[in-house]
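**Student:** One letter stands for each residue in the lines below.
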Amino acid sequence: MVQLICSDKIYEKLSRELLKRQIDIVSDSSLVLVERGYDIPDGKISIVFDALDYMEASKLLSDGINRESNSIDAVTGFYQNRFAVISPKDILYLESGPDGIRCFTQQNHYSMKETLQHYEALWKDKGFIRINKSQLANLAHVRDIIPWFNSRYVLRMDHGAELEVLRMYAKKLREALKI
Amino acid sequence: MEKINRANIVKSFFLGMFIGGVFQWGSDGGFWTPGALLVLTASGMIGLVIGWITELATSMLPISMAKPRIYFLLNGVISLIVTGAMIFFSLTIAGGLETAGKTLSILWPILAIVLAANVGDYIIYQETQRRLKKYKEIMRDKQSVQRNEL
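From first to last, the protein sequence lines stand for chains G and P.
In terms of my numbering, the first sequence has 119 at position 119, counting the first letter as 1, and numbering is strictly consecutive.
In terms of my numbering, the second sequence has 83 at position 83, counting the first letter as 1, and numbering is strictly consecutive.
Source of the hints: derived by calculation from the structure; they are not laboratory data.
Beta carbons: idealized from backbone N, C-alpha and C, even for Gly.
Incorrect hints may have been included.
What the hints assert, rightly or not - Incomplete in silico selection of chain P near chain G, CB under 8 Å:
| hint | residue |
| --- | --- |
| 1 | ALA66 |
| 2 | VAL77 |
| 3 | SER79 |
| 4 | LYS136 |
Said to hold, decoys possible - Just so you have them, the derived chain P footprint on chain G, three or more residues with Cβ under 8 Å:
| hint | stretch |
| --- | --- |
| 5 | 139 to 150 |
| 6 | 167 to 179 |
What the hints assert, rightly or not - Label pairs and their in silico Cβ distance ranges:
| hint | chain 1 | residue 1 | chain 2 | residue 2 | range |
| --- | --- | --- | --- | --- | --- |
| 7 | G | HIS109 | P | VAL10 | 40 to 46 Å |
| 8 | P | MET60 | G | SER27 | 57 to 63 Å |
| 9 | P | ILE124 | G | ASN81 | 46 to 52 Å |
| 10 | G | HIS159 | P | SER144 | 18 to 24 Å |
| 11 | G | HIS109 | P | ARG131 | 24 to 30 Å |
| 12 | G | GLN117 | P | PHE88 | 49 to 55 Å |
| 13 | P | ALA57 | G | GLY160 | 25 to 31 Å |
| 14 | P | PRO109 | G | ALA74 | 55 to 61 Å |
| 15 | P | VAL49 | G | LYS171 | 25 to 31 Å |
| 16 | G | LYS171 | P | ALA57 | 19 to 25 Å |
| 17 | G | MET168 | P | ALA57 | 19 to 25 Å |
| 18 | G | LYS13 | P | ALA57 | 28 to 34 Å |
| 19 | G | ARG82 | P | LYS67 | 33 to 39 Å |
| 20 | P | PRO109 | G | GLY100 | 54 to 60 Å |
Generate the whole structure from the sequences, applying the supplied hints.
**Tutor:** Next comes the structure, spelled out in structure tokens:
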């Protein structure tokens, strides 16, 4: 979380960059990005940057936070011309399609960057499991595992969606659940 | 066709052979008769054909149908059809009601195998749900520990 003290123009650009890097902007953070020329607040850690270097400032901040926490939980999704920060625990499943990756939560579905393989590796320990060529399911949101013919399974999700676990991936599911 | 599990068809072949063995064991001449190998191979082939038809038919079922009740119901129906077909052919081959009684008595172990397989399937289903619940609890605990650490 970071506070921004800068011009409106830079605020708009910087907030977009920070959202992409999954850094939340709040008005009372102890860490502040200050555009040169603006007052540096007392009692807070401030990073002063030139307006032209706002990209560098966001990268520097992002790298620092990444090093500190080792891995960032939240990701950025795009929905109706807006970016949203999504926590993996809110994601029911990810699906790859012709338009890229889509992430489904209880309320919405968001477009996301990267590939399914990326999220599969990133969230392996968070209960995400590949269930077929194009879907990655969050086991924390699976209500029921239905056995099906041809050594397949169907996962009934919390919001009612039904996802098919293909035979090739059924073994992974069994291993995850230690069946 | 790509949904068909070939391993299941091969398993059907061996199950067919096993059932053939049970038939052979219950026959008058005992297990070790000159035609035993032929009986085992023939029953294995019948198993293979039944397995292939079952795999092909079930691969066509839409995933929207998938519900535990429907799965177990269909499993039961398939077992009934297969056993019914076997009884029909046994009666036809036996050639009359006199020998039919003896032939039908051999079918009881087959029914027991089919029943045990279905009960086993249901127990595995229940165990899977239990494991899922446990897995979700572990994940919840893990997340709350991580939140506390942060």
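**Student:** Hint by hint, say whether it matches the structure.
**Tutor:** A quick look at each hint next to the structure:
no.: 1; hint: ALA66; result: holds (4 Å)
no.: 2; hint: VAL77; result: violated (12 Å)
no.: 3; hint: SER79; result: violated (13 Å)
no.: 4; hint: LYS136; result: holds (6 Å)
no.: 5; hint: 139 to 150; result: holds (count 10)
no.: 6; hint: 167 to 179; result: holds (count 5)
no.: 7; hint: G:HIS109 - P:VAL10: 40 to 46 Å; result: holds (41 Å)
no.: 8; hint: P:MET60 - G:SER27: 57 to 63 Å; result: holds (59 Å)
no.: 9; hint: P:ILE124 - G:ASN81: 46 to 52 Å; result: holds (47 Å)
no.: 10; hint: G:HIS159 - P:SER144: 18 to 24 Å; result: holds (23 Å)
no.: 11; hint: G:HIS109 - P:ARG131: 24 to 30 Å; result: holds (29 Å)
no.: 12; hint: G:GLN117 - P:PHE88: 49 to 55 Å; result: holds (52 Å)
no.: 13; hint: P:ALA57 - G:GLY160: 25 to 31 Å; result: holds (27 Å)
no.: 14; hint: P:PRO109 - G:ALA74: 55 to 61 Å; result: holds (59 Å)
no.: 15; hint: P:VAL49 - G:LYS171: 25 to 31 Å; result: holds (27 Å)
no.: 16; hint: G:LYS171 - P:ALA57: 19 to 25 Å; result: holds (24 Å)
no.: 17; hint: G:MET168 - P:ALA57: 19 to 25 Å; result: holds (21 Å)
no.: 18; hint: G:LYS13 - P:ALA57: 28 to 34 Å; result: violated (60 Å)
no.: 19; hint: G:ARG82 - P:LYS67: 33 to 39 Å; result: holds (37 Å)
no.: 20; hint: P:PRO109 - G:GLY100: 54 to 60 Å; result: holds (56 Å)
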